[in-house]
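K.L.:
Please build the complete structure, drawing on both the sequences and the hints.
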Amino acid sequence: MLYVVLFFLLFSLLLYVMLGGADFGAGIVELFASKNNRANTRDIIYKVIGPVWEANHIWLIILLVILWVAFPVYFNIIVIYLHIPLTLVLLGITIRGVAFVFRHYDAVVDKSQFWYNWLFRIGSFMTPIFLGLSFSALINGKIILIEDHPSASFYDIFIQPWFNVFGLLTGLFYASLCAFLAATLLIGESEGKSKQHFSKSSATFTVVLVVVGFILLTYGYSFEIKFIQDFIVNPLALASVALSGILLIPLWKFIKQQRKIASRYLAGIQVILILFAAIVTHFPYFIITSNEEISILENIAPESTINNLGWMLIIGGSIILPGLFHLMKSFKMIKILEKS
Amino acid sequence: MENLDYARLQMAFTLGFHIIFACIGMVMPFFMVVSHYKYLKTRNPIYKKLTMAWLKGVAIFFVTGAVSGTALSFELGMLWPGFMKHAGPIIGMPFSLEGAAFFVEAIALGFYLYGWNKLPEKFHWFTGVIIGVAGVASGILVVSANGWMNAPSGFDYVNGEFTNIDPVKALLNPAWFTQALHMTLAAFVATSFGVAGIHAYQIYKNRNVDLHLKAFKITIIIGTIAAFLQPISGDISAKDVAKRQPAKLAALEAHYETQKGAPLYIGGIVDQENQKVSHKIAIPKALSFLAFGDFDAEVKGLNDFPEDERPPVAIVHYAFQIMVGLGVALMLAGIIYLISIKKKSWLQCKYYWLIFVIMAPMGFLAIEAGWVVTEVGRQPWIIHQVMKTKDAVTPVPGMKYSFFFYLVLYSILAITVTWLMQRQIRSLNQKID
Chain A
51 MLYVVLFFLL FSLLLYVMLG GADFGAGIVE LFASKNNRAN TRDIIYKVIG PVWEANHIWL
111 IILLVILWVA FPVYFNIIVI YLHIPLTLVL LGITIRGVAF VFRHYDAVVD KSQFWYNWLF
171 RIGSFMTPIF LGLSFSALIN GKIILIEDHP SASFYDIFIQ PWFNVFGLLT GLFYASLCAF
231 LAATLLIGES EGKSKQHFSK SSATFTVVLV VVGFILLTYG YSFEIKFIQD FIVNPLALAS
291 VALSGILLIP LWKFIKQQRK IASRYLAGIQ VILILFAAIV THFPYFIITS NEEISILENI
351 APESTINNLG WMLIIGGSII LPGLFHLMKS FKMIKILEKS
Chain B
187 MENLDYARLQ MAFTLGFHII FACIGMVMPF FMVVSHYKYL KTRNPIYKKL TMAWLKGVAI
247 FFVTGAVSGT ALSFELGMLW PGFMKHAGPI IGMPFSLEGA AFFVEAIALG FYLYGWNKLP
307 EKFHWFTGVI IGVAGVASGI LVVSANGWMN APSGFDYVNG EFTNIDPVKA LLNPAWFTQA
367 LHMTLAAFVA TSFGVAGIHA YQIYKNRNVD LHLKAFKITI IIGTIAAFLQ PISGDISAKD
427 VAKRQPAKLA ALEAHYETQK GAPLYIGGIV DQENQKVSHK IAIPKALSFL AFGDFDAEVK
487 GLNDFPEDER PPVAIVHYAF QIMVGLGVAL MLAGIIYLIS IKKKSWLQCK YYWLIFVIMA
547 PMGFLAIEAG WVVTEVGRQP WIIHQVMKTK DAVTPVPGMK YSFFFYLVLY SILAITVTWL
607 MQRQIRSLNQ KID
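Sequences listed follow chains A and B, in order.
Going left to right, the first sequence walks through residues 51 to 390 as this note's numbering numbers them.
Going left to right, the second sequence walks through residues 187 to 619 as this note's numbering numbers them.
If you're looking for bench data, these hints aren't it; they were derived computationally from the structure.
Since the model is a prediction, treat every value here as computed from it, not as a measurement.
One thing to keep in mind: the hints can contain errors.
Claimed, not checked - Simulated pairs of lysine-lysine, DSS-like, Cα-Cα distance not exceeding 25 Å:
#1 B/Lys530 <-> B/Lys391
#2 A/Lys97 <-> B/Lys429
#3 A/Lys379 <-> B/Lys304
#4 A/Lys85 <-> A/Lys276
#5 B/Lys429 <-> B/Lys227
#6 B/Lys308 <-> B/Lys224
#7 B/Lys234 <-> A/Lys97
#8 B/Lys429 <-> A/Lys379
#9 B/Lys235 <-> B/Lys400
#10 B/Lys446 <-> B/Lys308
#11 A/Lys97 <-> B/Lys304
#12 B/Lys486 <-> B/Lys446
#13 A/Lys97 <-> A/Lys276
#14 A/Lys161 <-> A/Lys250
#15 B/Lys530 <-> B/Lys400
#16 B/Lys304 <-> A/Lys310
#17 B/Lys528 <-> B/Lys403
#18 A/Lys245 <-> A/Lys310
#19 B/Lys574 <-> A/Lys97
#20 A/Lys97 <-> A/Lys85
#21 A/Lys85 <-> A/Lys379
To be verified - Computed, partial: chain A to chain B, Cβ under 10 Å:
#22 Pro101
#23 Val119
#24 Leu132
#25 Phe150
#26 Ile194
#27 Ile196
#28 Ile350
#29 Ala351
#30 Leu363
#31 Ile365
Yeah, the Cβ is synthetic: ideal placement off N, Cα and C, and Gly gets one too.
P.N.:
Put into C-alpha cells, the structure is as follows:
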C-alpha cells in the first residue's frame with residue numbers, strides 16, 4: 051500500500067505541476083503579452099482554463115494531505131523551514147484566484163478591471179517562482195535542522211535556505227515551464243492573429259526554458275549543489291532530459307500542422323520526463339539538509355494509516371478522475387474519445 | 187503577547203473568515219438549484235435571472251472559500267507543526283475524504299458555471315445539486331477532524347507516543363455526529379437568513395419587489411426549518427459536552443462550584459478573580475436538567491479542575507450566551523414569517539421587512555460565537571487531555587507579522603467581496619427596471 055500512496059503523491063505532484071502550472075502560465079503569458087494582445091489573451095484564457103482551473107488547484111491540497119497523513123517528517127520540515135516562501139505562495143494563490151473570478155463575475159465592468167487584471171498576472175507569476183524557491187530549498191542542502199544548530203540565526207534557518215541564486219533560478223525555471231505549457235495549450239484554442247501570437251510566445255518561452263534550465267544545471271554543478279551534481283552523472287536522468295529536448299522538434303511540427311491534441315500530449319510527456327529525471331536522481335532522498343539526506347520512506351505513518359489512506363485514494367481517485375476527465379472533455383481540453 | 191498568542195489569533199481570524207465563506211459556499215448552491223428548478227418548471231424568466239444572480243454569488247464565495255481553505259490546510263501545519271506531526275496520521279481520513287468531496291464540488295461547479303446552453307438541461311441542473319451535496323459533505327467531514335480534537339479516539343497514548351492507530355475510529359469519533367449536525371444546521375440558518383435579509387432590504391426599499399419576493403421566500407423557508415431544528419441539535423450537543431468535556435460545560439455556564447441541582451445562568455457578568463457571576467438570571471436546577479436530563483444531577487464546577495486545565499471562563503460564557511440568544515432570536519424571526527403566511531397584511535408593513543434586514547448578520551455572528559465556545563472552551567488543550575496548545579505551536583519566531591499579514595489580506599478580501607455583492611444586487615435591479 052505504501053507504493054500506492056507514493057504513486058498518488060507523485061501523481062498529484064505531476065498533475066499539479068502540469069495543470070496548475072498551465073494555469074499559472076496563462077497569467078504569465080498574459081503578463082508578457084504586448085498591450086494589444088492582452089485583452090484577447092484574457093478572453094481566450096477565460097474560455098480555456100475557466101471551467102477547470104479550480105479543479106486543477108485541488109491537486110495541491112491532495113498533495114498536502116498525502117504528505118501530512120503519510121509522511122509527517124517531510125511535512126514537518128516543509129511547514130517549519132519553508133514558512134516564509136510558502137506564505138508568499140499562498141498570497142499568490144489567493145490573489146490570482148480571487149482576481150480571476152472577480153474579473154469575470156463582477157457585475158459591473160469598470161476601472162476595477164485594471165486591478166483584477168494586474169493582480170491576476172502578478173499572482174500568476176509570483177506563485178510558481180515561490181514554489182520553485184521552496185522546492186529548491188529542500189534539495190540544495192542549506193536547511194539547518196534546529197536541533198543540530200541551536201545557535202544558528204533566524205536568517206540562517208528560515209531565510210537563507212530558499213533565498214539564494216539557485217532558488218531564484220529554480221523559480222524562474224518553473225515559471226517558464228508554466229508559461230511554455232500555457233502557450234502550447236492556448237495555441238490550440240485560438241485562431242488567426244491570436245494563434246500567431248501564442249505560437250510566438252510558445253517559441254519564446256521554450257527558448258527561455260531551455261536557457262534557464264541550462265544555467266540552472268551549470269550553476270548547480272559549479273557551486274557544488276549535490277542534487278545537481280548527482281543529476282548530471284545519472285544516465286537515466288540525463289537521458290530523459292535529452293529525450294525531452296529532442297521531443298521539441300516533433301512538438302513544433304505538430305503545432306505547425308495544427309494537431310492541437312497531439313501537441314498537448316507531447317508537452318505533457320516532456321514535463322513528465324523532466325519530473326522523472328528529477329525524481330529518479332535522488333529517490334527516495336528528496337530532502338537534503340546541511341548534514342543529512344532524509345528518505346521519504348523512513349519514519350512514515352503507521353501501517354494502518356497508510357493502508358487506510360491508500361484505499362481512500364483508490365476510491366476517491368475512481369470517483370474523481372472520470373469526473374475530471376469528463377469535465378475536460380466537455381470543454382474540449384482533451385478529445386481522445388472523439389474520432390474526428 | 188507571545189508567539190503562541192499570535193499564532194492563536196491568526197488561526198482564530200483565518201478560521202473565522204473561512205467559516206463564513208465556506209458556509210455560504212455550501213448552502214447557496216441549494217438556493218440556486220431550487221430557483222433553477224422553478225425556472226425549468228415554470229419557464230418564468232424571473233427565476234432564471236435569480237438563478238444567474240445567485241450563481242455569480244456562488245462563484246465568488248466558492249473561490250474565496252477555496253483559497254482561504256487552501257491557506258488553512260497549510261496553516262494547520264505552519265502554525266501547529268507539533269499537532270500535525272502526531273495528529274496527521276490519525277485524522278488523515280476525514281481530510282482525504284474532504285479533499286475528494288471538494289474535488290467533486292469543483293468539478294461540478296465547472297460543469298454548472300460553464301454548462302449553460304451546452305449541457306442537456308436536466309444534467310446541467312443535476313450538476314448544481316452535486317455542488318451543494320459535495321459542499322455539505324466536505325463541511326461534515328472537516329468537522330470530524332475538529333470533533334476528534336474534542337473527543338480524541340482511534341489510538342493509544344502511551345508514554346508520549348501515539349500507537350495502535352485506527353483511522354476509521356478516529357473519523358467516527360464520539361463528538362463528530364453532534365458537532366457536524368449542529369454546524370450544518372447553523373450554516374443553513376445563517377446563510378438563509380443572511381440572503382433572505384439582503385432580499386428583504388431590497389423589498390424594504392421597494393426595488394424590483396417581484397424578484398426579491400421570490401428570492402426571500404425560497405431562502406426564508408429553508409432558514410426557518412433549520413432554525414427550528416437547531417435547538418434540538420443544541421440540546422444533544424450540550425449533553426454530549428457535559429459527558430465528555432465537563433470543564434468546557436462548566437466554562438460555558440460559568441459554573442464554579444460543583445453542586446447537585448445546579449442552576450442555569452442566563453446572561454451575567456463574570457468576575458474571574460473572585461469566581462462570581464453577577465447580574466444574572468438563575469433558573470433553579472435547570473443546568474442539571476439540560477446537561478443530564480435529571481433535575482438533581484451533579485454538575486462539576488471549574489474549581490474541581492486543576493488551575494492550568496481551566497479554559498478562560500468569561501469569553502466562553504459570553505460567547506455561549508450570544509450564540510444561544512441569537513439562535514432564539516432567529517427562531518422568533520422564523521415564527522414571524524410563519525404567521526405572515528396567514529396574515530398577508532404584514533407583508534405591506536415596512537417594519538416586517540426591517541426585522542429580517544436586522545436578522546441578516548445574526549446567524550453568522552452566532553456561528554462565530556459557537557466556534558469561540560468550542561475552541562476556546564477546549565483550551566488549554568489542542569487535543570483534549572492529550573496535547574496542550576502551547577506544545578504544538580511552531581518554533582518559527584515572528585508570528586506577529588504573519589498575523590498582521592493575514593489580517594490585512596483578508597480584511598481587504600472581505601471588503602471587496604461585500605462591495606462586489608452590492609454591485610451584483612444593484613445591477614440585478616437595474617437590468618429589470
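K.L.:
Check each numbered hint from earlier against the structure, then list the numbers of those it violates in ascending order.
P.N.:
Per hint list: 2, 4, 5, 8, 10, 13, 14, 19, 21 and 26 violated.
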